[in-house]
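Chains A, B and C, in that order, give the protein sequences. Note that the numbering used here numbers the first sequence so that position 182 is 164, with each residue one more than the last. Heads up, the numbering used here is the position in the second sequence plus 6, with the first residue counted as 1. Heads up, the numbering used here is the position in the third sequence plus 26, with the first residue counted as 1.
Hints in this document: simulated from the structure, not taken from any laboratory. Zero decoy hints are in this set.
In silico lysine to any residue, SDA-like type, Cα no more than 25 Å apart, as pairs:
id, chain 1, residue 1, chain 2, residue 2
1, B, Lys219, C, Arg174
2, B, Lys96, A, Leu274
3, A, Lys268, B, Lys96
4, C, Lys432, C, Phe449
5, B, Lys219, C, Asp386
Keep in mind it's a predicted model, so treat the numbers as computed, not measured.
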Amino acid sequence: MNIYPLLIEMVQVLILLSVAPAFVGWVRVLKCWSQGRSSAGIFQPYRDLSKLFSKDVVLAENASWIFRFTPYLVFGTAVLAGGIIPILSTDLPLAATADIIVLVALFAIARFFTALAGMDIGTAFGGMGSSREMTIASLAEPAMLMAIFTMSLASRSTSLSQMAQAVLSGQPVLRPSVAFALLAFILIALAETGRIPVDNPATHLELTMIHEAMILEYSGRHLALIEWASMMKLFLFSALGIAAFAPWGISQSDDLLPVFAAFLFMAVKLGVAGVCLVLIETGLAKMRLFRLTEFLGSAFLLATLGMLSYFILE
Amino acid sequence: MNLTIAANINSFLAALVLLTAFGMLVQRRMYGLIHLFAWQGLFLSVSTAIVGFVAGKHHLYISSLLTLSLKVVLLPYILHVLIYRLRIQKEVDTVVNVPLTMLIGIALVIFSYHLTAPVRELSTLVTRSTLAVALATVMIGLLMMITRRHAVTQIIGFLAMENGLFFAATSATYGMPLVVELGVALDILIAAFIFGIFFFHIHTTFDSLDVEKMARLKESD
Amino acid sequence: MMLLTLLCVPLFAAIILAFVGDRRYAPEINIAGSAGTFAAGLGLAFEVYLYGPTLAGNKFFFVDAFNVYLAVLTSFVSMTTAVFSRRYMRREREHGRVGSIRMRFYHAMFQVFIFAMLLCLLTNNVGVLWIAMELATLSTVLLVSLYRTPTAIEAAWKYFILCGVGIAQALFGTVLLYFAAEKVLGEGGEALLWTNLSLVSDRLEPTVLSLAFVFLMVGYGTKVGLVPLHNWLPDAHSEGPTPISAVLSGLLLNVALYALVRCKVLVDGATKTHHAGDIMMGFGLLSIIVAAFSLLRQKDIKRMFSYSSIEHMGIATFAFGLGGPIATFGGLLHMLVHSLAKSAIFFTVGHASQMHRTQDMEKIKGLIRGNPLVGWGLMLGVMAIAGMPPFGVFTSEFLILTATIKDAPLLTPFLLLGLVVAFAALFRRVQPMVSGEIPENQKPMTVAHLPVLLHMVLVLLIGLYMPEFLNQWFHTAVDLLK
Chain A
-17 MNIYPLLIEM VQVLILLSVA PAFVGWVRVL KCWSQGRSSA GIFQPYRDLS KLFSKDVVLA
43 ENASWIFRFT PYLVFGTAVL AGGIIPILST DLPLAATADI IVLVALFAIA RFFTALAGMD
103 IGTAFGGMGS SREMTIASLA EPAMLMAIFT MSLASRSTSL SQMAQAVLSG QPVLRPSVAF
163 ALLAFILIAL AETGRIPVDN PATHLELTMI HEAMILEYSG RHLALIEWAS MMKLFLFSAL
223 GIAAFAPWGI SQSDDLLPVF AAFLFMAVKL GVAGVCLVLI ETGLAKMRLF RLTEFLGSAF
283 LLATLGMLSY FILE
Chain B
7 MNLTIAANIN SFLAALVLLT AFGMLVQRRM YGLIHLFAWQ GLFLSVSTAI VGFVAGKHHL
67 YISSLLTLSL KVVLLPYILH VLIYRLRIQK EVDTVVNVPL TMLIGIALVI FSYHLTAPVR
127 ELSTLVTRST LAVALATVMI GLLMMITRRH AVTQIIGFLA MENGLFFAAT SATYGMPLVV
187 ELGVALDILI AAFIFGIFFF HIHTTFDSLD VEKMARLKES D
Chain C
27 MMLLTLLCVP LFAAIILAFV GDRRYAPEIN IAGSAGTFAA GLGLAFEVYL YGPTLAGNKF
87 FFVDAFNVYL AVLTSFVSMT TAVFSRRYMR REREHGRVGS IRMRFYHAMF QVFIFAMLLC
147 LLTNNVGVLW IAMELATLST VLLVSLYRTP TAIEAAWKYF ILCGVGIAQA LFGTVLLYFA
207 AEKVLGEGGE ALLWTNLSLV SDRLEPTVLS LAFVFLMVGY GTKVGLVPLH NWLPDAHSEG
267 PTPISAVLSG LLLNVALYAL VRCKVLVDGA TKTHHAGDIM MGFGLLSIIV AAFSLLRQKD
327 IKRMFSYSSI EHMGIATFAF GLGGPIATFG GLLHMLVHSL AKSAIFFTVG HASQMHRTQD
387 MEKIKGLIRG NPLVGWGLML GVMAIAGMPP FGVFTSEFLI LTATIKDAPL LTPFLLLGLV
447 VAFAALFRRV QPMVSGEIPE NQKPMTVAHL PVLLHMVLVL LIGLYMPEFL NQWFHTAVDL
507 LK
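Chain A extracted, bound-state conformation:
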């Protein structure tokens, strides 16, 4: 058995763990620039994490095992997801066994437990955050699946590696279905990773927070793990978008040189993705919660249109 793919898989997970905070840092730096503030630097998220790791955990009296278990689970699913998405190479052992639907399910498990943990303590904010999160999830997931199905129709596979390969090997053509799916994906990714206009990752304002409300009771290393996992989630969604829609540069073999080149490509593409994200976030205002149905409804619409236009126009 060839050992290289396994090695690349491990390298990929390591990259995920180490680069994700830097990516979040990059987004924050860009945001500071765009607003004319001085930034704390790209490496601030690392400092935050190490600070949290060194603090004690404070648990509520009535916290059950779910509350203690959730941070590890959330972190674990994020790491596992890093093994499925082709970040450096399409030749991944895990990607062969787990397709994109598994990926969605992994994110769903993480969200499910986060919501449970939010309610576990019994505080008002936790429950509110959980209910909001599940509302969004119930709308975002069908749209996400729709977008994925459109992509898998175009590449005739649900495996992410094969999707990337199909795009890499095919002619560069304008496909309406793919364009629709991309638009839908961007909307969903904004919702899933809790960015503006759906949620504001920087706020702790009681009326508007969603994700932050659920994890309000966490502290110490638990909080560190959850924060780290959410950083990875942002990274993973960017990587997923890149793998599905712009996989150029991702290595198709196990040789060292293409893999290294893929790393450079990844860095550049992530940089661009960060710029796009900041542009979207500065361009839009946060939506009212009740408008979210429309926002995610249009994501669903776009995904469905993508699927329809695959049949109608291609």
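Here the structure of chain A is known, so what remains is to put chains B and C in place on it, guided by the hints.
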């Protein structure tokens, strides 16, 4: 230009036309609607010009120009002026249940695909696949006229329908004969003047352009 | 040559009237223009009678027995309407309901409307047919809202929007028709010419044509006012000035039906089934029944007669859908007599409502005593339109009924039910209006005698004795529509 590339661009433009149709279905603000309408006209005009170039049908250039001047410049301008003059920018049009409207819209797309299937099989043109989109645009324009009870949005829905018809003509047959296209354009132009006059009449009589207020003529019992 | 005159006279009249339409002598110009049109129409009919169907203007126009008879009818009714409108509009002006600009607009648009209908009838190009139909709608929209009352504006808006939507469907149908034709006839304007299409109709793709017919049916059916696409019709016909109601009811519906029948001939040729006919029969029957029951509930006099128009258009559509020589003959005759009788009724209704300054039937009384011509005109007109012998409508309805009993016996009860209910509904309302003492709100006025008399005499004559040339004429048309 390569034939497949042209077909590709054309179907992409068709997708954009459909997207703008859906955008109009859910857009709340008046100016937003007009801009979407202008964009739709632009996509249409570009698509017509491309088809004309590929198929070597020069009369399509004329219809493309006609679309450009009428639907991208003139009609949006007239609507802009009317909205400004009548001061109805803020008259926000409440859309009944956006997600439901969207779902109906999707159903209409599927329906038109089903309906045009026999035509699609018979056609040999580069553009044949866009016929379903054209019919869907017509249907969505119709849906817009039904769901939105405001005179201006109804008119925009009407014009969007006309766009769909025009698109159908280019995609099914490489455009109708020139006499017909010119005649249709003339009719639209006259219609534009008439609805302009109408807006003023309705506004002075009902003090609003909300069509809901026009409900005096009911069947009496 | 005659054809060109026929189309140019109304256009010139429109241009002149656009400038002088508010002068004292404007109604006379209007009448002169319409009379000229009628004369040209008669001349054209004579040419067709002598030399048979002709093509003209680089195949752009086409005249055969079917459309020339409708063209003559159109020009005739528009002439008598112009005569009626002289008195009627003068009175409206005295009441201050219209100003001078609106008079100019009214006269010019009246002529444009007639031009559009004639173009619709005479053109050979199916695309131009659509354009002319749309033009006919557009030219009357602002006439419906002439009085600028809230209800008139509402009615006109409804008319504009619903007919616009409907006619758009017809354009889609036309596109599909062209798509099918292009395969056989090649690209360009030739493929939309009706004469070419009817020659090759058996080679057109049947699936495409049956799809096209659905759209054409919905589109032109809206203009015919068939249920369930009829919503605009009672409003538009009741809120506009009465001369406009008369031409809308009497002529425009005919023209739309003409377009539908022309399309049906093509579709039948291609599909070789009775598919299109079945659709038309369904729409027709539904219109008859729904309109008949709606007649019962009406309070506004013009609204009631608009529903009656829906009913009669339903009958004619049903007849053409049924097909066969007798039914088609009946349908053609029905179009003729309905349009004569209905416009005569609208003339009397217009005067009656002017005398009482209301359209509410409860308030209109004692017409025979107040003004015998209006009273008896209305009474006889209703008798004619309800299908009492010896009027022409009886003949046509009898023919259609006979054909139904023969070809579709199961549908006969429904047809009869519709006719009987309509009959009862009309008489229930008209009886109190014409009889009784003169009420206080009735004011005497001078009325236009000629149009009413002329129409009623014609309807009666056709019922009593069908002239040989007319008979032959219809037979030729029936052959064309086979």
